[in-house]
Amino acid sequence: MIAPGKEDSVVINLDGKDVSVPSGTNLVDAAALHGKEIPHYCYHPQLSVAGNCRMCLIEMGTPMRDRGSGKAVLNDDGSPKIGWVPKPVIGCATNVSAGMHVKTESDVVKECREGIMEFLLVNHPLDCPICDQAGECRLQEFATDYGRGYSRFVERKNVKPKRTRLGPRVTLDDERCILCSRCIRFSQEVAKDDVLGFVDRGSFSTLTCFPGKELSNNYSLNTVDICPVGALTSTDFRFKMRVWFLKETRSICTESSAGSNITVSSREGQVYRITPRRNDLVNDSWMTDSGRTLFKTVKAENRLVFPSVSGSRVSLTEAMDTAFKLFKNKRVGVIGSCKSSLEELFLLSQFCKATKAKKFIRGHFGEDDGILLSADRTPNLRGALVSGFANKYPKSDLSILNMALQKGELDTLVVMGENLLDSKVDAASLSGTEVVFLGTHANETSKLASVVLPTLTAFEKSGSFINRSFYVQAFLQAIPGPAGLIPDLQILSNLISSVDPESDLSPDLKKIWIAMSRVRNSPLKGISFSDLKQGTVQIDGSKWKNMPFVEKSALHHNPMMKIK
Amino acid sequence: MLNLELLQVLGLKIFFAFLMVSVVMTFAGYSVLAERKVSAWMQGRVGPNRTVLPFVGHIPFVGSFLKGIGIFQPLADGLKFLFKEEIVPGHVNKVYYYMAPLVALVPALTTMTVLPFGEFFHHSGKSTPLILADLEIGILFILAISSLGVYGIVLAGWSSNSKYPFLGGIRSSAQMISYELAMGLSLLPIFLWVSQPGSSIASLSLVEIANSQNASAWLALVQPLSALIFLVALFAETNRLPFDMPESETDLVGGFHTEYGSFKFGIFFVAEYAHIVIGSAIFTLIFLGGWHFLPWINDPWPSNWVGTLLGTGWFLIKTISLIFFFIWIRWTLPRFRYDQVMNLGWTKLLPLSLANLIFYVILVTWLDLSAATP
Amino acid sequence: MNLLDLLFFFFSSLAAGGGLLMVVSKHPVPAALFMILSLVGVASLFVLLEAFFLAILQILVYAGAVMVLFLFIIMLLDVGPDGGKASKIRILSGFAGAVAVGLIIVLLLHFSQQSGFGLSSNAWPEINADSFVNGSNLTFSTSVKNFGYGLFTKYMLPLQVAGFLLLAAMVGVIILSKKFRIKKP
Amino acid sequence: MAKTRVLKRIPLSLSERTYLPQIVTGLKTTFSNMFKEKVTLQYPEEKPSIPQNYRGIPTLVKDPNGREKCVSCQLCEFVCPPKAIRITPGEVPDGDVSREHVEKAPEEFEINMLRCIYCGFCQEVCPEEAIYLQDEYSSSGYTREEMINKKDKLYELGGTLPDEHYKWDNKKKAELEGNPH
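Residue numbers (my numbering), protein chains in the order written: chain P, 61 to 624; chain H, 1272 to 1645; chain C, 1149 to 1333; chain F, 58 to 238.
Okay, chain P solo, but in the shape it has when bound (with noise of 0.2 Å):
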């Protein structure tokens, strides 16, 4: 007997087994909450379900009813009498529904899935040694997972262009291709670029952009994810290192305040691309093409390797103990970033405590593409409101830093990574004062700076980010910064002990949200860091819902219910 379900749950049979699933769901996901893998190339969850790959063939069947009194049917023992359906069907275009009955392991499925299987390789070449997507490709799991082993197929493959150029940052194999089409449902369904489409019959269908149009979204790059096989790959990260030697590290992007959630691939300290990670309630499995290439900063010309006094290379301890004197009995004021993670920003507001600083801080504004692109090109300003640092919206400029150092009120400047003369600061105003920098790259204020303190990147520490939503999510460090230096969070908590030696603030990640979830009226109480790996924590953001956010509505956020 199937047992009722909870609400908004059936149940069904699953193997032979009664499992209770979301109403709703198809069959793939169902059988996946349930521990079993019905392979599938043209699903994506997150796409409308086309069913043309046919590789998530099952047996179904359901209760029968009489056709007259609508009865159930019964079997002699008394249990309902399933009406299997002559013919497997597809999982991904298959809702649950309450009392069906599915095979996913039986014989006619095997017997279906190993079909397919060498329909499939009928005419994808032997590219895997060459191939990028080798490593992570469906086709080759599948293959062995579900595969015959060996192929019927004796006469010649077919042969295909190998290297179109379908927009900036794809490159198109469509010798490779299966026609799953999940690309163009991107392309018309979440970019709303619709420029991808096959054209010709049978073995000449191909993969192509339409006339005069090409894939130069800033989304692009998703369907290379999406892909399942390595038909279409990425121009940049074409043929330059195997998938299997990459070390992923989850993270999150430092473009927006979308915080798209990112898989960080590196091998020895190098790091080769960035991934979208799927998170449903932020980024589903999606991010920027402009995103991805945020890594190539961590080699870039001008990032600081080594901290200086007045230009010439020094020590770090000779640079830190130059940085104290000049803040030691100083009128200090403290220029933040919405760029520091949570936890710098906190002890930062702990050391304009300890050395009784002015705060300033500006945000970084641009266009909102209303997906994963907002306005604020700053991935924490709400971190710099819920760690103290802020208490006003901050401005795109910082005339009032200005304004300040005319009437002379303050002897030394403490920069965090921010350039000072993009932002309303005059050369002439800055010159009686000290500047001492800290930030990953070098600009026109750390050229002034007494003291540059080089600082790691996202990619080289770990910490929290606070999104668009209120959500706080955990980036973890993927490599190691250059040698010699010491994260932002140590540079900090030593430049504290050193104003304040009662100070027992220290570096550590944990021991740093313990502090932070003491502060009264912390939206952080009960969370802690490793909260943060489980999962993304969306916090209470009301005390700030006055404020003139300038995020649009967009994928997974609304404005108007940001406040929870």
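A portion of the hints provided could be inaccurate.
Subject to a maximum C-alpha distance of 30 Å in a straight line, what follows is the list of computed DSS-like cross-link-like pairs (lysine-lysine) [said to hold, decoys possible]:
(1) P/K300 x F/K208
(2) H/K1434 x C/K1174
(3) C/K1174 x H/K1365
(4) P/K300 x F/K207
Reference listing, derived: stretches of chain C covered by chain H, where coverage requires no fewer than 3 residues with Cβ under 8 Å from a Cβ of chain H [stated by the list, open to error]:
(5) 1197-1204
(6) 1208-1214
Because the hints were derived from the structure by calculation, they are not lab data.
A quick note: this is a predicted structure, and the numbers were derived from the prediction, not measured.
Heads up, the beta-carbon is just placed ideally off N, CA and C, and yes, glycines get one too.
Given chain P, work out where chains H, C and F should sit, using these hints.
This is chains H, C and F only, laid out in the frame that chain P set:
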């Protein structure tokens, strides 16, 4: 004041001492070669046959023969020890670390001051033994000084501040204590026998012992058990296989000299072979008749310088044969386990040598009494 | 000053210096090594007195056997610097040192009062050469034979007593170190 | 079923317990060995014969048309237990008519002979039969850098081996014949 005669004697002694050191060191060096060659032959190999000197090696036939038997190898080895990079591990106790090889070598070389190796015939036909210092208690001197050699090993093991050398040092000291007793006790019957009442000999001089075997039985034939015990103890005292506990490459890497390299290791190496050379010479003197020909046969050589040379040569032949025996044993027998070594020393050799001593005491007393009664 | 004097001063300073260093050494292993040095110095002094047999015995028994045993025990137990309760012993050893120094001063004063600091030969008791092996026709010498003869005639009793003493000590050590199984009723 | 035979341990006789007869037997054996024929190979002058399946220095080989076979799939780099292989992959430029259909070739290929353990996994895993452990076994150098075999050195060592498949050539042919286009 130091007078001229004294200076002359002193100078001569120093010259002879220098000569002897060179000879023993050369012997030690070539023992190493012999070891390598003999081991190679016993294992079906050819051994060192590559090293060659620029001009000597190019003499037809002779040069290639010398090269083939590896005659230049010890030179190359010595030079290698000298020119190798001198590495001193950071964890060693510097002073004692440097001192240890010297402490190991010095006793080995000191013992030869009382080592006779032949006799010099005067015109009158009288003979004086060839010896640096004819000590009345020569054998005791040798035992005493050679027992100091163990400090080199113990020091090396201790100062290296590392596990295996330390174990090697401990083993070495325990082994030395265990076998020195048996060694000393095995010698006592010899002296009892040699200086039994009625004989003119009344001292522990090695010369007298060697001469006592002239034209009579070798002491190895008279007292085979003493000879056997002494030989076994000699193997143990020189740390030769099957008793090379302090070194044993298989379980202690290199034992006491694990942390040593270049010339310091070379000194240990030479000291080991110097011990073997001296040990062989002593065994020859005490048990094999020294420079005298065969048992019960008068020396066939004339009483002049030819006889001196022949006698010394004969002594050397015996010594070299014994060195060969040392090597032969090494490449034949496996190493004892440590507890077996201790067991053999304390429960076998010591009681055996005690019994041996008691037996000869009774025998000598009985002979003495029976000589006195009639 | 002749060669003999030079050698005497050298070896006596070796003996005394070795002894001193032995006492002040913190680590037991160097202490044992200094003791060996001191023993070698004493043996050399015996040589200068032409008591070769005694010198060799000194080396053979003490340096060659006893001290090796000492070192073996030290190493086996791995006694480090200050392995013992130094603080308690320090007072005691200080006291002992003071007594020793006092004794030396008294002795030196005694001799110097008798003969000045020159230490002329009449400060020492005369050794009666004949008195040594009386009862035999052997003259006094340091030869092994005479030594042995004396040991087994005149000094027979002390020799046997010393032997028994050592035997008793050995038996005592064995009894103390051996763990006897206590029979439970 | 095999029968287990329990051997009775015969107590040793007195002479056996002294071990002396055994030692003498051993001495006899070793002594007679001294005069047997020597088996040493005088190495630099005499060379051992290398069996067919010998695993010498790993080398890269070219196909009979003189083109490099390696497509830098990096499987050898992956499988290499001591991580001796280091490949920088690169793309075959469009202009290279004879090879452009292969698309990918190693830009740099290094085998660190100080790390290599001659296991032959690289040869086994290579899908292109481009890497072979051939009969060369002696390699030496004065510096560590010298012991890292670069691509040109690897091809120099490897030479050309016969090819049974001509995989890429067949592919090129199919492309030229336009199947099915």
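Do the hints match the structure? See the list:
1. P/K300 x F/K208: Satisfied, since the Cα-Cα distance of roughly 18 Å is no more than 30 Å.
2. H/K1434 x C/K1174: 22 Å, holds
3. C/K1174 x H/K1365: Since the Cα atoms of C/K1174 and H/K1365 sit roughly 17 Å apart, the hinted pair holds (cutoff 30 Å).
4. P/K300 x F/K207: 19 Å, holds
5. 1197-1204: holds (count 3)
6. 1208-1214: holds (count 4)
The structure agrees with every numbered hint stated previously.
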